[in-house]
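Engineer: As a plain string of letters, each chain reads:
Number of protein chains: 4
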Amino acid sequence: MAKNYSFGAGIWMFGQFIDRYATDAYGPPVSTLEAIDRAGAVGDLMCLDINIPFSDPSITTTQVKEALKRNNLKAIAITPAIYSREFRSGSFTNPDPKIRKKTFELAKQAIEVAHELGAKYVKFWPGQDGYDYPFQVDHAQLWDLAVSGIRQVAEFSPKTQFAIEYKTKEPRVHISFSTAARTLLGIQEMGVNNVGIVMDFGHSLFAKETPADALQLIHKHGKLVSVEVNDNWREWDDDLAVGSIHVIETLEFLYALRQIKWKGPILLDQFPFREDTVGAALASIRSVRALDRLLDRIDLKALRAAHKNQDALAAQRLVQSVLLGSSE
Amino acid sequence: MAKNYSFGAGIWMFGQFIDRYATDAYGPPVSTLEAIDRAGAVGDLMCLDINIPFSDPSITTTQVKEALKRNNLKAIAITPAIYSREFRSGSFTNPDPKIRKKTFELAKQAIEVAHELGAKYVKFWPGQDGYDYPFQVDHAQLWDLAVSGIRQVAEFSPKTQFAIEYKTKEPRVHISFSTAARTLLGIQEMGVNNVGIVMDFGHSLFAKETPADALQLIHKHGKLVSVEVNDNWREWDDDLAVGSIHVIETLEFLYALRQIKWKGPILLDQFPFREDTVGAALASIRSVRALDRLLDRIDLKALRAAHKNQDALAAQRLVQSVLLGSSE
Amino acid sequence: MAKNYSFGAGIWMFGQFIDRYATDAYGPPVSTLEAIDRAGAVGDLMCLDINIPFSDPSITTTQVKEALKRNNLKAIAITPAIYSREFRSGSFTNPDPKIRKKTFELAKQAIEVAHELGAKYVKFWPGQDGYDYPFQVDHAQLWDLAVSGIRQVAEFSPKTQFAIEYKTKEPRVHISFSTAARTLLGIQEMGVNNVGIVMDFGHSLFAKETPADALQLIHKHGKLVSVEVNDNWREWDDDLAVGSIHVIETLEFLYALRQIKWKGPILLDQFPFREDTVGAALASIRSVRALDRLLDRIDLKALRAAHKNQDALAAQRLVQSVLLGSSE
Amino acid sequence: MAKNYSFGAGIWMFGQFIDRYATDAYGPPVSTLEAIDRAGAVGDLMCLDINIPFSDPSITTTQVKEALKRNNLKAIAITPAIYSREFRSGSFTNPDPKIRKKTFELAKQAIEVAHELGAKYVKFWPGQDGYDYPFQVDHAQLWDLAVSGIRQVAEFSPKTQFAIEYKTKEPRVHISFSTAARTLLGIQEMGVNNVGIVMDFGHSLFAKETPADALQLIHKHGKLVSVEVNDNWREWDDDLAVGSIHVIETLEFLYALRQIKWKGPILLDQFPFREDTVGAALASIRSVRALDRLLDRIDLKALRAAHKNQDALAAQRLVQSVLLGSSE
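Here the protein sequences line up with chains X, Z, W and P, keeping their order. Letter 309 of the first sequence, counting from 1, is numbered 309 in our numbering, and no numbers are missing. Letter 31 of the second sequence, counting from 1, is numbered 359 in our numbering, and no numbers are missing. Letter 208 of the third sequence, counting from 1, is numbered 864 in our numbering, and no numbers are missing. Letter 37 of the fourth sequence, counting from 1, is numbered 1021 in our numbering, and no numbers are missing.
Bound conformation, chain X alone (with noise of 0.2 Å):
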């Protein structure tokens, strides 16, 4: 059968986990190196968002190179880790120019990995970039850091692809970039045209968007640069297993993106804290060929007609059929 997505995942995803209540971590601690001979245990997985700084300075790019090489890994996308303690009140936009500054520094690195490991894209995802409490900020001057943050950095860079990660809020309570529809605003504001979006299923659902519609607004802007999958139950960043709640709206986003002939590949960003890690990986995978190849077997023309009729039942009584078998 057909595979017509590759899959990659967030070099995070096979790290150490930790958060603010198991502050010794969910397991010892995870090299760069190491992760990636974990993502390349998986053994369905084809490229890797890699985050920068390594994990230990003495890491040489060479080396993740050579980690990638063995694996049969490629390096998709280089992320600054522009949420660490030195940012916490703010990357692009803190309100110590110091700090934007070694924001912009960190991006610079960030575009020179990016071209060592042949890279695609550079990916923001300013999580720290935001306010906590009302009257905080001046929400205007907030604005113009986050957009101007960014364009300083694609107007230094004009042949490198970036691209920002949306999320409404974590660590920030209240994150800058919050959904795909601001952060199509945002773009625009910066003029420039190598910015686009990384769209991560769950921080659509979290950000109480439908998936499948982001991605068709995203995509009509002509700024859909990646897309990230997993899991959640709406109301927070959970990053559990894709298809394991939301079975009916993964596979309307899977839908949509073969409207929109995504080629893929498909990147997993989870966060398995109590699961194994390469089995969260490979679950995920199965749930998205399985969900996949169900398309193959809805007849797609009467759903465009049902589309077109807009008629709700008529479109679920398609779905079920190929999801819970003939009911007669």
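No wet-lab data here; the hints were simulated from the structure. There may be inaccurate statements among the hints.
[What the hints assert, rightly or not] FRET-style restraints, in silico, Cβ to Cβ:
#1 P:1280 <-> Z:384: 53 to 59 Å
#2 P:1102 <-> Z:587: 44 to 50 Å
#3 X:57 <-> W:958: 57 to 63 Å
[Stated by the list, open to error] Pulled from the structure, derived: some chain X residues nowhere near chain P, Cβ distances all over 12 Å:
#4 6
#5 156
#6 223
#7 240
#8 259
#9 272
#10 305
#11 308
Keep in mind it's a predicted model, so treat the numbers as computed, not measured. Note that the Cβ used here is the ideal one computed from N, Cα and C, for glycine as well.
Please build the complex by placing chains Z, W and P on the supplied structure of chain X, with the hints as guidance.
Structural biologist: Just chains Z, W and P now, with coordinates in the frame of chain X:
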């Protein structure tokens, strides 16, 4: 193939829908007798939960009985409309003793009609009992009214089975009987043994419960009287067709029903504002049956082992193997 | 003491309320003319947003004009009821071209009435435009209908100011124009310059926005046409009295209104289901005035310094010093 | 002016914060003894809720006692860290009996330390007890483990006062003791009389309760052991400074504390990730005191009359008259 459950419905789903915007209603008026005929047209319903007062004061219980008979339907429950205009500021918890007395009188009528129609329980859905604003009520007083009002009815007719359908809000912004646990506490405080719970799957999702979990809690306390099903987006009581969104959680709920050996019936509670009502009812019945049949194919021994280990990925794989088919 | 703002209201808040449970309504019917008289009874309103069609086909625009005059009121906006029964499956996005045409015709009537009554804008609140179920619609098609439908009206009457009031849901389970950012994107796609936004404070809370932030975004894009206020519990459009819950965020919103030099009016949008409407309106006006006066006493220079540093505790202390009084 | 309450705090708010993104933590490590000194620096705290194990195995209870003494602090509670790495899949509900035994052992240590330090209660915050995925657990089994695990400890040391701090989620995606009502039911099932509840204001908001209402329910059942305060945006346990968002609901909660004649102390539970901890603690104490003083000025007789009538607007006016000042 064995049909494990018989089905019933709330009569309101065959009536006229209205809301605060489409004040000319989503369709023409429907009398109680017409609604029974529509329910009969589904062809697969065995019983109805019937509201009193009937749509028109001239309709008699005898006529209702005849309408039920000609449609092969029974009355399983009588639900007094303690949420209409005169109860807009509360029924059992209304600050005005005259309205509380009217609530009691309407409850008495419900008992009589239930007796005449052979219904198994009288349902209270005190959707106007609660508060809208901070500081509006003395919460201890309000809770006392909620508890003592139903206790009074239960003591008045100790041989009648009563049931409270909890819901977190709507139409009241905060409803007193909001969750399974809180309602169980209230029933305990009543100190009577003829009041139980009607558990509505959608209300449970809306209350941020996991329905399968709420079910076991109610069952453990011996208070499960009836079960209603539908679906929603988890943030409002959308009353959509069963299985349209929460496929996995509906399946888990059906599994929980098997665990407690529920013999049915299962009642539909939908508001198909924009769909054909009979079609919407049939869609739900089809979903329940198809999902329930999937349970026949799950390796239950393996599932129990996964549960013993609380192994999320193993359990998910068992479920997906029947839902999505083999992925290898 | 200076009164910074004049006030208006949506005429609907003086009408008859109904919902899907209290189907006999929360009070007796109210005609358009009676509603205007009730609005006049508030004594502190200057203008109304008026729905068409009027409550009764026999009511003429001339009668409405007279009713406004005798109550010292003006029409600030005309809002066609594109959410009544015939539009239950959509107005601009209805799958049936005949209904889309009816939407256009009703919009044309709204333009005419706006002209006759001297209203400043025609408001579209397309509360039925969207979808209820996963897989119900082709999201790209739906969005195209939403955008092109309003574009068509805007191009038909280029001298009329139009405004979209966004809302995330209700009555439609998902509404196309859901958030400030998404609506701004839609307006851009229209390519016209006579469509803006009516920002409703409660809809912004409901959409999980921070209202002060949404305001600056709309203002920055030059699209703020009008402002409506109320309060809710953040998870539904409860339409409660201003300042009853979100005191701090209402204050921050009023601060943002000062920053953009909003000259008013401020419109009330409430549904006092269980309260006296005139009293509820007065409560809101009192809250806005009292909160706005507090701003006169905040040390704005110190607040701007706190904002420059994004210093949450400093800002909070400044706000609390006027709200709660000195604590030393 | 009379100070109605003394204040305490959870020692964790003076420790090192970390989360899953800023894995290098929001600041340097802080030992148990240093945290006590920081708490002492607030100057207005009387007691601490202290975690065991202490930060370093070499720290002795005697050293902790001395540190408390030199800072004029007492231990009010001991909270065993039953949510660290080894308990990541559950403490009382862990599927592995060896870990459940370790939980019991750690609870015994907590009892000993509580005895040595003269603490009033041992608190259980079983933040890892629950589930992440649908179908992961047998809900009846899980609940039994949750109830019986704490029962076992309570029966082991019948003279020790225990208290459960409920929370709806985090770190576990669903926590067993999630709401006030559910925890009360669980305590009843335990059949012991030395287990009560620590009510955290923020957890109550997060659980979609109205805190003043949850307080009366816990009090009515005689199970209120302690009270913790903070604030959040209602959708996560943000642990922000008191009164920063929910001014009205905090005031209502303080009113409810007066109604039940709570004599304190009131404990702070904050995570000032990006603020000065001592400053954040002082801000909260200031807010509680200022809000509590407002209660002295509210016309309580009129408020009780408003409550008797459930008159929202009258109650709101009484509250606003002291909060916002006279508006006439």
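Engineer: None of the hints should be skipped; say for each whether it holds.
Structural biologist: Verification of the hints:
1. P:1280 <-> Z:384: 53 to 59 Å: For residue 1280 of chain P and residue 384 of chain Z the Cβ distance comes to about 56 Å; the hint holds.
2. P:1102 <-> Z:587: 44 to 50 Å: Check passed, 47 Å falls within 44 to 50 Å.
3. X:57 <-> W:958: 57 to 63 Å: Violated: the Cβ-Cβ distance is about 42 Å, outside 57 to 63 Å.
4. 6: Label holds. Min Cβ-Cβ 26 Å, cutoff 12 Å.
5. 156: holds (25 Å)
6. 223: Holds, because the least Cβ-Cβ distance between residue 223 of chain X and chain P comes to about 24 Å, which exceeds 12 Å.
7. 240: violated (6 Å)
8. 259: Holds, because the least Cβ-Cβ distance between residue 259 of chain X and chain P comes to about 28 Å, which exceeds 12 Å.
9. 272: Label violated. Min Cβ-Cβ 9 Å, cutoff 12 Å.
10. 305: holds (33 Å)
11. 308: holds (34 Å)
This entry does not satisfy hints 3, 7, 9, going by the numbered hints stated previously.
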